[in-house]
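Chain residues, written in single-letter form:
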Amino acid sequence: MCATVCAAFLILAICGGGCETATAPEASRTSRVRLGDMNVVVEQTVAKLAGSDWMAARGGESERVVIGVEAVENRSSDVITRSERWYMMQSVANEVVSSGLGRARNVSVVIPAARLEAASRRGSFGDAALTARDRNVTHSLTATIESITRSRTEGGAGGEGREDFYSVVYRVVDLESGELVWEDRVEFTRVALGRSFS
Amino acid sequence: MRLVRAMLVCVAGVLAGGCQSGWQPSEVLVSSTQRGRHHVARQVVLSQMTVSPADRNLALDRVRLGMVDLADGQVEAAESPFLAAYDLLRTSGVNEGVNERIFFSTEENEKVWKGDPFEIAAAQAYFSAQLASVGDWGSARAAAGESLFQLADFETEIEGEPVLLPGDDTGLAPDEDLGYQPVETNFAPGYFMAGLSSYALGIESGDDRLLDEAADQFRKAVRYAPELAGLTEAVLSGGVNTVLWVDYGKGPEKFRTGNNAEFSEYRPLQYSGNQSLVVSLNGGGTALAGPSADFNEYAMDHRWRHSEGVRVVKAAIGDGLVIGGAVAASHGDSDAAVLAGLGAMVVGALFKNSAQADIRHNELLPQRVYFVGLTVEDDRDTVELQVDGNPDTRMVLTGLGPEESGGRGLQFRYVRLLDGRGPAPAWATSGEVYYANDEYDGPVPGSDLPYVLGGRCVRSPSEAAWDEYVAGGLLPTGMTFNDLKNLYRAEGLTWELGDQGGLSARHVLEGGTSLIAPAGGTAGFARLFGQLHSEYMPRTPELRAVIDSWSMHTAD
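Quick note, the sequences are listed as chains A and B, same order. Using my numbering, you'd call the opening residue of the first sequence number 69 and step up by one each time. Using my numbering, you'd call the opening residue of the second sequence number 78 and step up by one each time.
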């Protein structure tokens, strides 16, 4: 009788188990850079730019500054696609406008037309309003993303997994003098619990 | 009695069902890839793919699509599938709790495919190759880095003194808790791609730290693939402007083994060989490149495999239940005991069958990998590749002239050689470019008229192309640039990836709608432009009307 019950239980379990679906990946299961990270970086960057000595010395009547953005250089341990990197720069340009910084300090941030066309060919982005075809670009904005990866091998509350410390450095250079007029850094950490093999 | 008979039939049926299997490698996919018919291979992969994020074969299908696109020269389009696979491979816990479910089902049904470690490393390295092909060296470096994870060595002595492998300078300590020794990977393609990416990035940025990193990675590449010594020196000294990753042959096949098919093994489909790759530029002197990686070797190396895990336990339990149930049923002195025995046999049979090993694998991996360095000056330069002693593998590549910007001229291409099991098709060895396209700057007869109007130009509509059409004087009278673009649109032609949903599409020369040219120097470029295709067949009344009135005008 016991064997019959066990057999019935196992058959039920087989039927039940077969109907389940795969576990969806959770946010804490990857240390990849996410869109939310980029948005935070952009927000903090523009805030730092707004609070910088360079901007503090400027006003609405200052000589116009046109900043042409360059692609972000990816030196991190994560694949950050060209589209994602352009998104980071385009977002800075948008944020400068929407925060009122551009008007208050007579600054505009534009994307060189050649860059935009290349991105458009890939179907990766396009906001023609920011295109700098003949805008007399005076400064360049570049950024570099670096990271340090650390394995978490200890058990307990922290759990094993992987930590990536990302650091994004933005720089504005005066194209005529070559002077570095502004540089600042935004950092964030991404932690993934568990092993990626599983 | 009827119930007993029914249960016996059930046991027999379940056991017989064990011979059936789920996933099978696609022979059409493999043979198409081996013959350079990557456009056909793409259709096969796409027909098997789903868009569901819960698809358990998501990573496998995306890696296969990325590899096919890469081989076909659709280097931009290959990014999206590779990225999807990369994202999943970097995510932990996608198979959390799956062992419990596998116990009552099959691994293929329940487990999200991530592949054996060597397949994961390969996926990351091919992604790195794609990123390098589009000049995104920073991300190529990151992807290559992801292929260089430590391996679990279960055979190296872990008691007592730490064991150092030959030439090992990692200083890794044995991990007694895990029962294995983490050891440095020997994945030479990963080291090479990491070194190459660091070098290109270092040259672009002028950062010496990256150049030092490149030298370090190259040293490790040479440690595991001494054939790379000359090439890595040439790269570091700036002696080449073009690097090719060349794949040849069929990779190993995964199959089931064991009494209950609960184990899996790999077997070579093409035996490993040491034949060099013969390389010639513009028909001049030849150079030889030795194989840098052998996927048969990786597949046979326990360090590059996952352990069998739950399936073995299931198979053992299944055996026990079937045998125990049979004994109980035959010796039972009551109907209940007989039924219980038969019930156990049914469950045991189900366990045995569901213990079948998961044989999903990336059947597009090659048997071996070569890396080649060259200095190419012009799109018209020809690069000939052939596995030594097998002229049927010969391929003549064109369109490799370096672009002016990016990586100071360092460019990267992936090439999939033909299998050499029959004469090479004419396109593979013609070395000709019969159609003007966006990836080729050399002169092409007939380039002054669009293909849809009977010419040999398949460039995307641009002012430069239009100027050449006008100068040729062959356009229908009164046609404007906008008219031509509108005709293209009416015909459903696309020339930007965004209009193709970010994915590759069949080229107009092969009956499709895309004008996006494969990257020069790839098999896809040679197949499309190295042979003549049939004339374009208009799809819309608009184009037919233009051609009809134009013909009448010409006849007059």
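Calculated directly from the structure, the hints in this document are not laboratory data. There could be a bad hint or two in this list.
Partial pick of chain A residues on the chain B-facing surface, computed with a CB cut under 7 Å [to be verified]:
| # | residue |
| --- | --- |
| 1 | Arg132 |
| 2 | Glu141 |
| 3 | Arg143 |
| 4 | Asp146 |
In silico negatives: residues of chain B with every beta carbon more than 12 Å from chain A [said to hold, decoys possible]:
| # | residue |
| --- | --- |
| 5 | Ser169 |
| 6 | Phe226 |
| 7 | Leu278 |
| 8 | Pro303 |
| 9 | Thr590 |
Cβ coordinates follow ideal geometry from the N, Cα and C atoms, glycine included.
Say whether it holds or is violated: Pro303 (chain B) keeps its Cβ farther than 12 Å from all Cβ of chain A. 28 Å, holds
Interface hint check: Arg132 (chain A), Cβ to nearest Cβ on chain B, cutoff 7 Å. Holds or violated? 29 Å, violated
Examine each Cβ of chain A, and state whether all of them lie more than 12 Å from the Cβ of Leu278 (chain B). 7 Å, violated
Quick one, is the Arg143 (chain A) hint okay against chain B at 7 Å, beta carbons? 6 Å, holds
Cβ separation check - Ser169 (chain B) to all of chain A, threshold 12 Å: Contrary to the label, Ser169 (chain B) does not stay out of reach of chain A, its closest Cβ about 3 Å off (not over 12 Å).
Compute the least Cβ-Cβ separation between Thr590 (chain B) and chain A, then decide whether it is above 12 Å. With a cut-off of 12 Å, Thr590 (chain B) remains clear of chain A, as the shortest Cβ separation is near 15 Å.
Against chain B, with CB atoms and a cut of 7 Å, does the hint on Glu141 (chain A) hold up? 6 Å, holds
Taking the shortest Cβ-to-Cβ distance between Phe226 (chain B) and chain A, state whether it exceeds 12 Å. 8 Å, violated
So, Asp146 (chain A) near chain B? Judge it on the closest CB pair being under 7 Å. 5 Å, holds
Of the numbered hints listed earlier, those contradicted by the structure are 1, 5, 6, 7.
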